[in-house]
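Build the full structure now, drawing on both the sequences and the hints.
Sequence lines, in order, name chains A and B. Residues in the first sequence are numbered consecutively from 1, following full-length UniProt numbering. Residues in the second sequence are numbered consecutively from 1, following full-length UniProt numbering.
Don't read these hints as lab results, they were simulated from the structure. We put the beta carbon where it would ideally sit given N, CA and C, even for glycine. Heads up, a few of these hints could be off.
Unchecked claim - Computed beta-carbon distance windows for the label pairs:
hint, chain 1, residue 1, chain 2, residue 2, range
1, B, P23, A, T132, 50 to 58 Å
2, A, T247, B, S291, 46 to 54 Å
3, A, E254, B, E54, 24 to 32 Å
4, A, A309, B, N53, 47 to 55 Å
5, A, R360, B, Q7, 40 to 48 Å
6, B, Q205, A, N120, 32 to 40 Å
7, B, N53, A, E254, 57 to 65 Å
8, A, S14, B, E340, 56 to 64 Å
There are 2 protein chains.
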Amino acid sequence: MEPKYNQVKNSIRSKILQGYFKPHEKIGSESELMQSYEVSRHTVRKAIDDLVNEGWIYKKQGAGTFCAERSVSSDAVSNGTKNIAVITTYFSDYIFPTIIRGIEGYLSANGYQMTVFSTNNDPDLERKYLETVLSGQFDGLIIEPTKSALPNPNINYYLNIERLGIPYVMINAYYEELEPVHLIMNDAEGGRIATRQVIDEGHKQILGFFKNDDIQGIKRMKGFIKAHRESGLQITPQNIVTYTTETRKKDPVERLKEKMKVRHERPTAIVCYNDQLAVILLDVLRDLNLSIPGDVSVIGFDDSFLSVASEVKLTTVKHPKERMGVDAAKLIDQLIREKEDPTVSKKASSIVYEPELVVRNSTKDLKIKEVN
Amino acid sequence: MEPKYNQVKNSIRSKILQGYFKPHEKIGSESELMQSYEVSRHTVRKAIDDLVNEGWIYKKQGAGTFCAERSVSSDAVSNGTKNIAVITTYFSDYIFPTIIRGIEGYLSANGYQMTVFSTNNDPDLERKYLETVLSGQFDGLIIEPTKSALPNPNINYYLNIERLGIPYVMINAYYEELEPVHLIMNDAEGGRIATRQVIDEGHKQILGFFKNDDIQGIKRMKGFIKAHRESGLQITPQNIVTYTTETRKKDPVERLKEKMKVRHERPTAIVCYNDQLAVILLDVLRDLNLSIPGDVSVIGFDDSFLSVASEVKLTTVKHPKERMGVDAAKLIDQLIREKEDPTVSKKASSIVYEPELVVRNSTKDLKIKEVN
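In structure tokens:
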């Protein structure tokens with residue numbers, strides 16, 4: 001277990017980072033801290049000494065302990081190199097390395113250093129990395145919000161980042177209430193054109209799998225529903241399968257197996273939240289001795305390397321990936337320059353990428369077959 | 001504990017209502033059901049017999065058990081009176097009776113019967129009532145979604161309601177992916193004008209309390225942030241307090257006490273998610289011997305009876321309440337007529353009410369004091 005003084009220390013540090021204490025605001029007396037944390041005076045003193053040594057707080061003889069002034073960019077500026085923090089949900093797999101490569105390429109060519117953190121889509125880890133950013137070593141932040149479809153638990157951290165004047169941009173999704181500069185796909189339109197592809201090929205029973213703790217999933221599902229409606233095709237309710245970060249490895253596979261067991265009104269097409277899920281579901285279909293696209297058509301999303309990795313080349317929706325990374329880096333660079341030099345013309349504004357369908361051979365045109 | 005056969009029965013019934021089984025689709029064999037529910041043949045038979053008796057499923061000799069065809073409006077139409085289900089989050093308190101009164105007035109004047117359910121903002125209860133609607137006694141549904149800021153766990157039920165051709169409208173909030181006909185306030189604008197009121201009166205430290213499991217809370221918070229930004233006033237991050245349905249009685253009170261303890265940068269104004277919270281916080285302030293608006297200005301939201309119930313008359317934002325109820329009833333009536341008679345001109349469309357500030361005397365103009 002963590003020593004008690006460390007728990008007290010981390011709690012006070014966390015309150016400073018969240019903005020509970022502002023510079024030169026008094027942090028309760030020793031007795032008050034002893035009471036509120038239910039620890040001994042010795043423990044409180046040890047925590048305070050550490051925080052003083054690390055520059056988080058300072059003591060004034062006879063007056064008590066106060067929150068220190070932290071100047072964010074001074075460290076970073078001192079050696080002339082600017083540091084950008086990049087926080088994504090995932091790091092080393094799927095489309096994330098490509099996005100990060102885009103960011104990295106632009107930043108390093110323009111004299112920035114970059115540090116990448118990944119939250120594994122866990123809000124607690126996001127908080128930890130936001131604390132790191134708030135601790136003052138970074139000049140800017142590029143962040144993909146974690147579990148963006150759920151209420152933002154870290155809003156105070158974001159507001160504190162703004163208060164400290166650290167520019168940030170959000171990628172792939174953003175919290176509406178913060179109205180940050182953002183770079184996103186038009187995911188609803190992506191979901192719509194993917195679904196239209198199989199509807200236009202004559203499919204009537206279409207399964208849709210959507211992750212519903214990220215905004216992208218909600219929007220792609222919206223497009224799925226919209227495509228049905230505009231085609232006058234009634235949605236079979238059980239054909240929409242939602243899953244979360246936690247259930248993503250289990251639920252979609254089980255639900256697909258279940259759906260394919262029943263011969264009556266068996267789906268002939270599947271629209272997937274992303275390519276990553278699509279290749280998992282391809283395996284399930286193969287295990288069931290179903291051919292793609294002969295028996296079942298499958299559409300991915302993102303046009304990642306996975307869409308051409310298997311012997312079935314996936315029809316999918318193009319995600320800007322590397323271009324989004326480059327644009328995010330350009331935007332953060334622009335925001336930093338606007339902040340440092342008020343004469344720089346203000347041109348940092350959000351970008352919405354329109355989706356494009358990449359047609360390969362994972363879907364089958366049922367209307368052509370009928371003609372033969 | 002619920003008898004096993006009842007658990008099996010409810011599970012199958014629930015699957016029918018969610019659309020897992022469609023009319024005339026086979027419900028697995030006795031052996032399959034025994035296996036998947038891990039119960040005896042006796043239990044499966046008892047569950048099936050009950051479901052057959054209640055008209056949910058039917059048996060065909062030698063072929064198995066099938067989902068029955070349920071015709072939704074036949075029962076309702078038979079006696080000439082149409083039934084509308086109204087599902088709200090709360091029922092007998094706050095602004096809900098007024099909204100329901102508006103609905104009731106219009107519906108009864110137009111020959112409808114109305115049944116009201118309240119979910120207590122619990123998604124499980126919402127599911128239960130949606131099942132009731134799906135079981136076929138209703139011609140239309142007026143619903144306020146439960147915990148609308150969280151991913152919709154009951155989307156299959158809504159889609160099944162659409163498939164059965166039951167018109168529905170959503171009030172106060174709506175799920176974007178469903179794009180339903182809806183009646184809502186412009187909550188972001190409401191949050192903005194409430195906050196502007198105290199900013200324009202010279203307040204700099206403004207506490208905002210927002211419920212973040214309903215979309216209204218997220219939007220009002222968005223307006224709070226926007227008002228600060230457009231006034232060039234930096235938000236103190238810890239001045240935004242979010243809470244949920246579960247923590248609403250405890251968190252805001254504790255956080256307010258905490259904030260008021262520190263004299264340094266004590267908030268001079270409070271913007272509340274709604275009047276209900278405002279009157280609770282008024283009590284806390286009085287207990288702390290703070291006068292309203294002398295020491296602290298307080299703004300409510302909704303212009304409910306509570307805003308004038310205490311001796312402090314609250315400045316607040318007008319919610320359409322009864323008018324929203326009347327309009328919702330008109331819309332559902334219109335949708336039902338459009339459905340029954342294709343020659344009726346299609347004019348049912350969503351309504352967004354623009355907010356209006358009702359200025360009473362719960363805020364203090366700090367600029368006037370400075371002049372004196």
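Structure-based check of each hint:
1. For B/P23 and A/T132, the hinted distance range of 50 to 58 Å is satisfied, since their beta carbons lie about 57 Å from each other.
2. Distance hint for A/T247 and B/S291: a CB-CB separation of about 52 Å, consistent with the stated range 46 to 54 Å.
3. Between A/E254 and B/E54 the beta carbons are some 29 Å apart, a value that agrees with the proposed interval 24 to 32 Å.
4. Between A/A309 and B/N53, the C-beta spacing of about 53 Å keeps the proposed range 47 to 55 Å intact.
5. The hinted range of 40 to 48 Å is satisfied by A/R360 and B/Q7, whose Cβ atoms lie roughly 46 Å apart.
6. Take B/Q205 and A/N120: their Cβ atoms lie about 37 Å apart, and the range 32 to 40 Å holds.
7. Checked against the hint of 57 to 65 Å, the C-beta distance between B/N53 and A/E254 comes to roughly 32 Å, which is inconsistent with it.
8. For A/S14 and B/E340, the Cβ-Cβ distance of about 60 Å falls inside the hinted range of 56 to 64 Å, so the restraint holds.
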